[in-house]
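Here is what each chain is made of, one letter per residue.
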Amino acid sequence: AQSVTQLDSHVSVSEGTPVLLRCNYSSSYSPSLFWYVQHPNKGLQLLLKYTSAATLVKGINGFEAEFKKSETSFHLTKPSAHMSDAAEYFCVVRVTGNQFYFGTGTSLTVIP
Amino acid sequence: GAVVSQHPSRVICKSGTSVKIECRSLDFQATTMFWYRQFPKKSLMLMATSNEGSKATYEQGVEKDKFLINHASLTLSTLTVTSAHPEDSSFYICSARPSTGSDTQYFGPGTRLTVL
Numbered sequence: 285a286q287s288v289t290q291l292d293s294h295v296s297v298s299e300g301t302p303v304l305l306r307c308n309y310s311s312s313y314s315p316s317l318f319w320y321v322q323h324p325n326k327g328l329q330l331l332l333k334y335t336s337a338a339t340l341v342k343g344i345n346g347f348e349a350e351f352k353k354s355e356t357s358f359h360l361t362k363p364s365a366h367m368s369d370a371a372e373y374f375c376v377v378r379v380t381g382n383q384f385y386f387g388t389g390t391s392l393t394v395i396p
Numbered sequence: 750g751a752v753v754s755q756h757p758s759r760v761i762c763k764s765g766t767s768v769k770i771e772c773r774s775l776d777f778q779a780t781t782m783f784w785y786r787q788f789p790k791k792s793l794m795l796m797a798t799s800n801e802g803s804k805a806t807y808e809q810g811v812e813k814d815k816f817l818i819n820h821a822s823l824t825l826s827t828l829t830v831t832s833a834h835p836e837d838s839s840f841y842i843c844s845a846r847p848s849t850g851s852d853t854q855y856f857g858p859g860t861r862l863t864v865l
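In the order they appear, the protein sequences are chains A and B.
Positions in the first sequence are counted from 1; adding 284 to them yields our numbering.
Positions in the second sequence are counted from 1; adding 749 to them yields our numbering.
Calculated directly from the structure, the hints in this document are not laboratory data.
One or more hints might be untrue.
[Stated by the list, open to error] When the alpha-carbon atoms are kept at most 30 Å apart in a straight line, the in silico BS3-like pairs for lysine-lysine are as follows:
hint	chain 1	residue 1	chain 2	residue 2
1	A	Lys353	B	Lys769
2	A	Lys342	B	Lys769
3	A	Lys342	B	Lys763
4	A	Lys352	B	Lys790
5	B	Lys804	A	Lys326
[To be verified] Listed next, with one range per pair, are the computed distances between beta-carbon atoms:
hint	chain 1	residue 1	chain 2	residue 2	range
6	B	Lys790	A	Ser310	22 to 30 Å
7	B	Lys790	A	Tyr313	25 to 33 Å
8	A	Ser312	B	Phe788	42 to 50 Å
Just so you know, even glycine gets a beta-carbon here, dropped at the ideal spot from N, CA and C.
Generate coordinates for the entire structure from the input sequences, incorporating the hints supplied.
Put into structure tokens, the structure is as follows:
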């Protein structure tokens, strides 16, 4: 069975401190993995994606994620949080064809 | 690149009327487009997958006669909510997959539908 689990529904960090948003997946196939960000009343913006190339993927706005097959994880990190990073983040797995699975989202709060 | 637009961004309609939402891929062709519904503070719920020139594939529990999807060209898909009711009020988001075979979905900015 395929699935995506975002381990934290809400994460709160202070501005300037590191961000860690966790995502685990389950897939019978070699998946493609994505992180998207959604600001209030907006669509989803692609942050980064993993498609079987380098396991450490760098995205926009200073975010990066590391694909760890042994741990079936694809955690999103950023060294220093900015106020503008406050948003909802979604981990998405593409299994095959048009089969995409969405995590339930993690709400990131950045405290000034 | 890879921009998807939606129109309108907000719409308010009376109960019983129909509303059409457009989703356009502006700088790429999209054989496949997806329609999602999002409830407040929730993840996206896939409603249907549409492929250009063929009938949409609806997810279980989604009424195809109520949510009409047309994907007549490689850059345009429309979702028509027919005989809308207050419970149809929601945030509707579309996405598009490039025809080049990319596995990435590019999302539109969403449409806020309010049915009075």
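Check the structure against each numbered hint from earlier and tell me which ones fail, lowest number first. As far as the earlier hints go, 1, 2, 3 and 8 are violated by this structure, in ascending order.
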